[in-house]
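**Q** Chain by chain, the residues run as shown.
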Amino acid sequence: MSQYYDIDDIIAEDELVPAVFQVSANGVGLFDSSDETNKVEQGSKVELPFWLARELHLRQAVSINLPHCFNQKTREELAADAAHVDLRNRCPYFYELGRKLFTLVGDKTIGTLLLAAFQTRYREVLIKAQTAALAVAPKFLTLLTKEETKLYEAAQSSMVAFKKWRMGGPRFQKASVLGRKRRPFE
Amino acid sequence: MYAKKACELVKEFSSSEPGQLAPFNTNLFSQVIEECNFHFHQLQSLLSKIQEGPDSQTKNADHFGALIHHLSLVRNKRCLMAYVHNRAEVIRSLGWMIEPPLPEEIQEKLSSSEKEYSKNQSATIKSYQSEMDLDLAVDMVPPKDPYIKVRVLDDIGSVALSDQIANLARHAILFLRRTDAETYISQGLMEELTD
Chain E
1 MSQYYDIDDI IAEDELVPAV FQVSANGVGL FDSSDETNKV EQGSKVELPF WLARELHLRQ
61 AVSINLPHCF NQKTREELAA DAAHVDLRNR CPYFYELGRK LFTLVGDKTI GTLLLAAFQT
121 RYREVLIKAQ TAALAVAPKF LTLLTKEETK LYEAAQSSMV AFKKWRMGGP RFQKASVLGR
181 KRRPFE
Chain F
1001 MYAKKACELV KEFSSSEPGQ LAPFNTNLFS QVIEECNFHF HQLQSLLSKI QEGPDSQTKN
1061 ADHFGALIHH LSLVRNKRCL MAYVHNRAEV IRSLGWMIEP PLPEEIQEKL SSSEKEYSKN
1121 QSATIKSYQS EMDLDLAVDM VPPKDPYIKV RVLDDIGSVA LSDQIANLAR HAILFLRRTD
1181 AETYISQGLM EELTD
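Residue numbers (my numbering), protein chains in the order written: chain E, 1 to 186; chain F, 1001 to 1195.
What the hints contain is simulated information worked out from the structure, not anything from laboratory work.
All the given hints hold, so there is nothing to weed out.
Quick list of in silico lysine-lysine cross-link-like pairs, DSBU-like style, CA-CA up to 30 Å: (1) K1149(F) / K164(E); (2) K39(E) / K1077(F); (3) K73(E) / K45(E).
In silico negatives: residues of chain F with every beta carbon more than 10 Å from chain E: (4) E1052; (5) P1103; (6) N1120; (7) T1124; (8) R1151; (9) D1154; (10) A1166; (11) H1171; (12) F1175; (13) R1177; (14) S1186; (15) G1188.
Every residue, glycine too, gets a C-beta built ideally from N, C-alpha and C.
My request is simple: use the sequences and hints to build the entire structure.
**A** Here you go:
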């Protein structure tokens, strides 16, 4: 599913996830620069990047909460009109992060949320890619997540290829029989 | 925050045009390496503390501190590897598109090991081609027509091509056999005209 060298996968795992430490850890004072003790206490709330939060969660060292891009407000907005929610601003890797979080948090609603959001937005992306003039598109593009932007570009390039195919070359060739003069009837 | 810089490096690669190279970020790269060293020292000191401790079996605060440093190291490594790997992929594909050696503008964006890589790669291809007596760089895109329309970009003079003797003067537009034109195009002396 995810490759070691995959750039997008790496960046997606850098998204911050709120977590609560269930244990204390020594020698890691960097989470809070004002901290003199160089130590994270049990029960302290921090925002960890996903790659760290996942591994610590698997070892029962932290408990993960859902990041704010999956909060109630976003869910309501997505339910109202998914196509016009600014997902890029909230989390440019909305689907990827959601999929990764789903297995950890055990919140069953994430799956249906992602699916519903993607279905509505995918339709909109395809319609916009095929109809919108290039001048209109940029405003719409700023709402899309990384994956949706790729879909949009793919849809547009295949649209261009299709038009080129339809226009280019002698599409309608005359059958050789049609050019012949009718043989005089004898 | 841990491994922030490494991720910046990856983001920088991701924001560059696909198939093109940004200059190798030596500065940030060495900063990440430094951060790795820091994590490594912290990890070592914590590990020795754990071993000296009364019970090295139970998981205490030192254990989780060491774990965080270890995970940060792994993460940093992944970011660095991905940066180097993906750049190498771009260099490899450039090696097929452009006749080696790579032009000066691209050369100066590479790190020294990347230059070595691109040099070795073209040498390997060359030795394979001479061994098999086969030119792999011909027809990277399957041709639709053996002849193509080209514009000459530089004064080349009269050249005997495989089927004709052509006067390749600057700005001339002619029909050439694809196989003849391809070498000139990859050297930047001609451009293909597509309609």
